[in-house]
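Engineer: When you line the sequence shown up against mature numbering (1 follows the signal peptide of the UniProt record, and there is no 0), it's residues -22 to -1, 1 to 82, in that order.
Just so you know, these hints were derived from the structure itself, not from any lab. All of these numbers come straight from a predicted model, not from anything done at the bench. Cβ atoms here follow ideal geometry from the backbone N, Cα and C, with glycine treated the same way. Heads up, some of the hints might be wrong.
[Stated by the list, open to error] Cβ-Cβ distance ranges computed for the label pairs, FRET-style:
1) Asn76 / Thr44: 38 to 46 angstroms
2) Ala75 / Asp23: 28 to 36 angstroms
3) Phe(-4) / Arg32: 21 to 29 angstroms
4) Val35 / Asn2: 50 to 58 angstroms
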Amino acid sequence: MLNKIINATLLFLPICTQFLEAENIPVIAWPAYSPYMSPIEHVWDALDRRIRQRVPVPANIQQIRTVIEEEWTNIPQATINNLINSMRRRCVALREANGGHTKY
């Protein structure tokens, strides 16, 4: 299994780079602004849409908490599985686009 270390600023410190190389931990270049690559961003979007469609709108913090928990639970597992299973296609598309925009 490939351990993914995203190219964060911290990794450019020499000691971090040396450690990663010594431990044979690969660093994957990841476009700085590619939230569409992360399946969880699509789950958050689905949750947001579900909450915004609620009628009546939650009126207080407790109702908001309850609605979030209910809608989170109601996101079909198949939706999450599809997002996870799409990662290989997403990565290939991103690589082919040289880090640019993809259909995802």
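Engineer: Are any of the numbered hints broken by this structure? If so, which, sorted upward?
Structural biologist: As far as the earlier hints go, 2 and 3 are violated by this structure, in ascending order.
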